[in-house]
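**Student:** Those protein sequences? They're chains A and B, same order as listed. Just so we're aligned: the first sequence equals residues 1 to 313 in this note's numbering. Just so we're aligned: the second sequence equals residues 1 to 307 in this note's numbering.
Please keep in mind that the hints were generated in silico from the structure rather than gathered at the bench. Since this is a predicted model, take the numbers as computed values, not measurements. Please note: incorrect hints may appear among the correct ones.
[As the list claims (entries may be wrong)] Cross-link-like lysine-lysine pairs, in silico, DSS-like; alpha carbons within 27 Å at most:
{"no.": "1", "chain 1": "B", "residue 1": "86", "chain 2": "A", "residue 2": "44"}
{"no.": "2", "chain 1": "A", "residue 1": "42", "chain 2": "B", "residue 2": "158"}
{"no.": "3", "chain 1": "A", "residue 1": "78", "chain 2": "B", "residue 2": "93"}
{"no.": "4", "chain 1": "B", "residue 1": "225", "chain 2": "A", "residue 2": "160"}
{"no.": "5", "chain 1": "A", "residue 1": "199", "chain 2": "A", "residue 2": "78"}
{"no.": "6", "chain 1": "A", "residue 1": "218", "chain 2": "A", "residue 2": "160"}
{"no.": "7", "chain 1": "A", "residue 1": "20", "chain 2": "B", "residue 2": "93"}
{"no.": "8", "chain 1": "A", "residue 1": "106", "chain 2": "B", "residue 2": "274"}
{"no.": "9", "chain 1": "A", "residue 1": "42", "chain 2": "B", "residue 2": "219"}
{"no.": "10", "chain 1": "A", "residue 1": "78", "chain 2": "B", "residue 2": "219"}
{"no.": "11", "chain 1": "A", "residue 1": "20", "chain 2": "B", "residue 2": "25"}
{"no.": "12", "chain 1": "B", "residue 1": "93", "chain 2": "A", "residue 2": "48"}
{"no.": "13", "chain 1": "B", "residue 1": "201", "chain 2": "A", "residue 2": "106"}
{"no.": "14", "chain 1": "A", "residue 1": "48", "chain 2": "B", "residue 2": "158"}
{"no.": "15", "chain 1": "A", "residue 1": "106", "chain 2": "B", "residue 2": "86"}
{"no.": "16", "chain 1": "B", "residue 1": "161", "chain 2": "A", "residue 2": "44"}
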Amino acid sequence: MKYIEFVNSTLKQEVIKHSKLVLFGQNISAGSCLGGLTRGLKVKESSKIINSTNSENSLCGFGFGLMMGGINSVFFMKQLDFLLLGIDHLVNTFNIIRNLDDFKTKASFTIMPIIVDNGYQGPQSSLNNFYDFCSIARIPGYTITNKLDIERIIPSELVKPGFRIICVSQRLFNEELVTPEKLDYVNETNTIFQYDTGKNVTIVCFNLSFPYGVELSKRLKTNNISSSLFTVNSPIEGEWSQIISDIKRTKKLVIFEDSKSINTNMTSLLNDALSSCQLEKKIIIKRKIEEGWLNPISDIIEINYDQIVSQLL
Amino acid sequence: MSRSHTSITKNILKNRLCQIIVNQKYKEKKFKIPIHLALGHETIATAVSEIMSQNDNLILTHRNIAYNLARLGSIKPILAEYFLEKGGLMDGKLGSMNLANPDRGIVYSSSILGNNFAVAIGIAMAHDLHRTGGITIVLGGDGSIEEGSFHESLLMLKSLKLPALVIIENNEWSMSTKINERRHTINLQKFCSAYEIEYAKLEGNNPFSYIETLEFCKKSSLDTKSPICIEVMVTTLGDWTMETPEFPKGKFINYHAGPTPSVDVTHGLEPLRKTNEDPVYVLGQLIDDTNLTQLKNEVRMECNDFL
Numbered sequence: 001m002k003y004i005e006f007v008n009s010t011l012k013q014e015v016i017k018h019s020k021l022v023l024f025g026q027n028i029s030a031g032s033c034l035g036g037l038t039r040g041l042k043v044k045e046s047s048k049i050i051n052s053t054n055s056e057n058s059l060c061g062f063g064f065g066l067m068m069g070g071i072n073s074v075f076f077m078k079q080l081d082f083l084l085l086g087i088d089h090l091v092n093t094f095n096i097i098r099n100l101d102d103f104k105t106k107a108s109f110t111i112m113p114i115i116v117d118n119g120y121q122g123p124q125s126s127l128n129n130f131y132d133f134c135s136i137a138r139i140p141g142y143t144i145t146n147k148l149d150i151e152r153i154i155p156s157e158l159v160k161p162g163f164r165i166i167c168v169s170q171r172l173f174n175e176e177l178v179t180p181e182k183l184d185y186v187n188e189t190n191t192i193f194q195y196d197t198g199k200n201v202t203i204v205c206f207n208l209s210f211p212y213g214v215e216l217s218k219r220l221k222t223n224n225i226s227s228s229l230f231t232v233n234s235p236i237e238g239e240w241s242q243i244i245s246d247i248k249r250t251k252k253l254v255i256f257e258d259s260k261s262i263n264t265n266m267t268s269l270l271n272d273a274l275s276s277c278q279l280e281k282k283i284i285i286k287r288k289i290e291e292g293w294l295n296p297i298s299d300i301i302e303i304n305y306d307q308i309v310s311q312l313l
Numbered sequence: 001m002s003r004s005h006t007s008i009t010k011n012i013l014k015n016r017l018c019q020i021i022v023n024q025k026y027k028e029k030k031f032k033i034p035i036h037l038a039l040g041h042e043t044i045a046t047a048v049s050e051i052m053s054q055n056d057n058l059i060l061t062h063r064n065i066a067y068n069l070a071r072l073g074s075i076k077p078i079l080a081e082y083f084l085e086k087g088g089l090m091d092g093k094l095g096s097m098n099l100a101n102p103d104r105g106i107v108y109s110s111s112i113l114g115n116n117f118a119v120a121i122g123i124a125m126a127h128d129l130h131r132t133g134g135i136t137i138v139l140g141g142d143g144s145i146e147e148g149s150f151h152e153s154l155l156m157l158k159s160l161k162l163p164a165l166v167i168i169e170n171n172e173w174s175m176s177t178k179i180n181e182r183r184h185t186i187n188l189q190k191f192c193s194a195y196e197i198e199y200a201k202l203e204g205n206n207p208f209s210y211i212e213t214l215e216f217c218k219k220s221s222l223d224t225k226s227p228i229c230i231e232v233m234v235t236t237l238g239d240w241t242m243e244t245p246e247f248p249k250g251k252f253i254n255y256h257a258g259p260t261p262s263v264d265v266t267h268g269l270e271p272l273r274k275t276n277e278d279p280v281y282v283l284g285q286l287i288d289d290t291n292l293t294q295l296k297n298e299v300r301m302e303c304n305d306f307l
């Protein structure tokens, strides 16, 4: 099964459960339905699906207004850069809502944008800076990259009192769904997942980089190196105790971070690791921002796995 | 004078006197927060409050004091909020520019021009889905109709078939700039016509005719499931002339925020301007002297503790 098929089927199962739920966004029930993300969504009679106007700013305010009126809603968005038009509401309107007890527990509002991380988009649509959106107002946010985090995050976070943003990866849309064999640990807020526990290396994947971490983990295994494998699913997560205790044991850390943001909580984990763990090896794989990075080029990070493996042997 | 006319007149007078009390304390530097007074807005605020039913909602701007006073009918919790006290209207959590009062239907106030129109769409749809029969009333100023979200929101309200009253208070100023100093004229009626949205205009500060028009618009909007845009001409009173090196003879300054130096508590309930731009002056044209004097005395008595 493809990544987007699984996200779509999980969404279908979730949205049908809720009464008085409003799903809205541009083209969510027309054409490709956002590349299949919202294809075939069905809701109860008391709910609505609105194929909306192209008014991203007002659509964000609309969701918050529904929330104040006690109505749950999900705003599906074709690409993350459209959300720049709604920043006023993400900050100013959300700040009012969460300051008042009446509103913050009254209803749910979720924005679900697609991060266009597959490249060749040019200077605008390739915005891959989810950290900056969440950081500006400490907005709860989630990225989903594999079967286990999708199964966990969509049912528990999509419709739940409060506001959050859940991002999906366009790069993964037509890729085979990454299906970890097991889940060793997930924290209460569904922001840190541990898929494997090894004794030699700790691998931590930020943003949408999990497939890179999975590939490294496999290659290490063929070289008889066992690794712990984590994802950090939220840009505002900062409680690292589970990961730090693992790093203290393995003393070797590999971080993958594939966003284009300077403002990433990877640095927070790194600071904590450097100050509290006696690291023998640290490898950080992140995007190189080089000349021409705003041109329509590939956004896939080229990784020399053999070199990383040799450094960890 | 009918009972309802007495009550409406008294509410306008009380709204004025309470604002003068706030202005006086502001001049005495008793507040830490910024407050945008709305002297001159008392008639439209009272009229809007009069037409509101229990299920209706009001979405305001940073210049919300007249509406909060009209809905609450009392200054004490508002003053306490302005002093950021725990016993304030919203426990000192919102201050002035975002002051709301959900118990009296004011669910949201925004200090960002145009921001509240979009929120109003969601609240209007919540009424629709909950089948409350209530209407959403959203306020904006002539500056806010320059924002893209105003256009987006009218389009969304119309497209989604949602009843709402979109009230634009046109005082012809944005902060210290007159409309014709910063932009081309916007013909709001023609603009609404382009979206097939009904338009009404209120001017002259006659509260009884304002209420009649607003009630008609409310019923029509609910019946047709379509927003109605109402432009109301207001004069934000409290302007003054400031002498500067560039303007030694003084430059006219429109009141925007902060205490207005030209209004003093000694003005009491006398008109600030002897034209129909001043709601208190208009009451003098509509109500006989004996009745008006008696109502002013009653309002002074009710506010005596704060004078």
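**Student:** Now, for every hint given, state plainly whether the structure supports it.
**Tutor:** Results of checking the hints against the structure:
1. For the hint linking residue 86 of chain B to residue 44 of chain A, the alpha-carbon distance of about 43 Å lies beyond 27 Å, and the restraint is violated.
2. For the suggested pair residue 42 of chain A and residue 158 of chain B, the alpha carbons sit about 25 Å apart, so the restraint of at most 27 Å is met.
3. Only pairs whose Cα atoms come within 27 Å are accepted, and residue 78 of chain A paired with residue 93 of chain B is rejected, the gap being roughly 36 Å.
4. About 30 Å separates the Cα atoms of residue 225 of chain B and residue 160 of chain A, which puts this hinted pair outside 27 Å; it is violated.
5. A threshold of 27 Å between alpha carbons decides the hint, and for residue 199 of chain A with residue 78 of chain A the separation of about 41 Å lies outside it, so the pair is violated.
6. Distance hint between residue 218 of chain A and residue 160 of chain A is unfulfilled; the C-alpha atoms sit about 36 Å from each other, more than 27 Å.
7. Distance hint between residue 20 of chain A and residue 93 of chain B is unfulfilled; the C-alpha atoms sit about 30 Å from each other, more than 27 Å.
8. For the given pair, residue 106 of chain A sits about 48 Å from residue 274 of chain B by alpha-carbon distance, which is inconsistent with the 27 Å threshold.
9. This hinted pair does not check out: residue 42 of chain A and residue 219 of chain B have alpha carbons roughly 34 Å apart, beyond 27 Å.
10. Our distance criterion of 27 Å between C-alpha atoms is broken by residue 78 of chain A and residue 219 of chain B, whose separation comes to about 38 Å.
11. Between residue 20 of chain A and residue 25 of chain B, the direct Cα distance comes to roughly 47 Å. Violation of the 27 Å bound is thereby established for this hinted pair.
12. For the hint pairing residue 93 of chain B with residue 48 of chain A, the CA-to-CA distance comes to about 34 Å; that exceeds 27 Å, so the pair is violated.
13. Distance hint between residue 201 of chain B and residue 106 of chain A is unfulfilled; the C-alpha atoms sit about 37 Å from each other, more than 27 Å.
14. Restraint check: the Cα-Cα separation between residue 48 of chain A and residue 158 of chain B comes to about 17 Å, which is no more than 27 Å; the hinted pair holds.
15. The suggested pairing of residue 106 of chain A with residue 86 of chain B holds, with an alpha-carbon distance near 23 Å, which does not exceed 27 Å.
16. The straight-line distance between the Cα atoms of residue 161 of chain B and residue 44 of chain A is roughly 20 Å, inside the 27 Å bound, and the hint therefore holds.
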